[in-house]
Amino acid sequence: MNIIHLLFWFLSGLALVSAIMVIASKNPVHSVLYLIITFFAISGHYILLNAQFLAIVNIIVYAGAIMVLFLFVVMLMNLNADTEPPKNRLMIFAGLISGGSLFLVIIAAIKKSDSITNLVQLNTGDAGLIKNLGKALFSDYVLPFEISSVLFLSAMIGAVVIGKKN
Amino acid sequence: MQIQYYIFLAIALFCVGVVGVLTRRNAIIIFMCIELMLNAVNLLLVAFSKMHAISPTAIPTAATDAQLFVFFIMVVAAAEVTVGLAIIVMMYRNTHSIDVNFLNRLKN
Chain U
1 MNIIHLLFWF LSGLALVSAI MVIASKNPVH SVLYLIITFF AISGHYILLN AQFLAIVNII
61 VYAGAIMVLF LFVVMLMNLN ADTEPPKNRL MIFAGLISGG SLFLVIIAAI KKSDSITNLV
121 QLNTGDAGLI KNLGKALFSD YVLPFEISSV LFLSAMIGAV VIGKKN
Chain X
167 MQIQYYIFLA IALFCVGVVG VLTRRNAIII FMCIELMLNA VNLLLVAFSK MHAISPTAIP
227 TAATDAQLFV FFIMVVAAAE VTVGLAIIVM MYRNTHSIDV NFLNRLKN
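Residue numbers (the numbering used here), protein chains in the order written: chain U, 1 to 166; chain X, 167 to 274.
Don't read these hints as lab results, they were simulated from the structure.
This one's a predicted model, so the numbers in the text were calculated from it and none came from an experiment.
Just to be clear, a hint being listed does not mean it is correct.
Said to hold, decoys possible - Subject to a maximum C-alpha distance of 25 Å in a straight line, what follows is the list of computed SDA-like cross-link-like pairs (lysine to any residue):
#1 111(U) to 98(U)
#2 165(U) to 269(X)
#3 165(U) to 256(X)
#4 164(U) to 26(U)
#5 26(U) to 255(X)
#6 112(U) to 221(X)
#7 165(U) to 152(U)
#8 135(U) to 211(X)
Sequences are here, hints too, so could you generate the full structure?
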């Protein structure tokens, strides 16, 4: 049990606990903040896997841009714990049962696999370095890259059209 | 580290997201749970890419390709969030609530 394994268990526990707090907390602002903690823990996992580019992009795009957008919308609507609609106990129970049985079914299906004990390369390897990713992105994947810029443009126009007062 | 721990972690995160979508009625929280599920899948893709990188029969560019898939998933998620939050703001403007149970009809 060296430092990398300790970090793995710590980040996994942090991600799971804050993910559960996202759906358990009453106040939407707290949910957003717990989701930011989850994203930071997942970025820590990317760093452990030596995928530094994805770790940085995850922090910048998710924790930086997307969650600020969420926080902005939550505060724009003035949502507090008081405006939370009353809960239906039966619905919560049914949701927990469904999610838990989905978890058990997938675990039981995967548990018997032979390749489940394959090792993951931690803290070494150059697949995730920005040099290799950039070379692949601008040679083999240049068409999807350009198409994603069109996707962003259409998303931007769509957001403006939907949000426009008419 | 064995791949099974990453698989179990990703499945647990995904199922937490599923439970959130099924139980919460706040549209923003449902949307955040969808982001959580996307991130669980991204984590699993990166772990599989690093598992494949040390496999003896590995294709040389496969690990890089997997991480670019994750990059494109993030791109699509960012575009999705933009449109989805615009729809939620529009819904709040029309119904003065973001409870999804108010939206059980497509008309009126």
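Those earlier numbered hints the structure runs against, lowest number first: Result: hint 4 breaks, nothing else.
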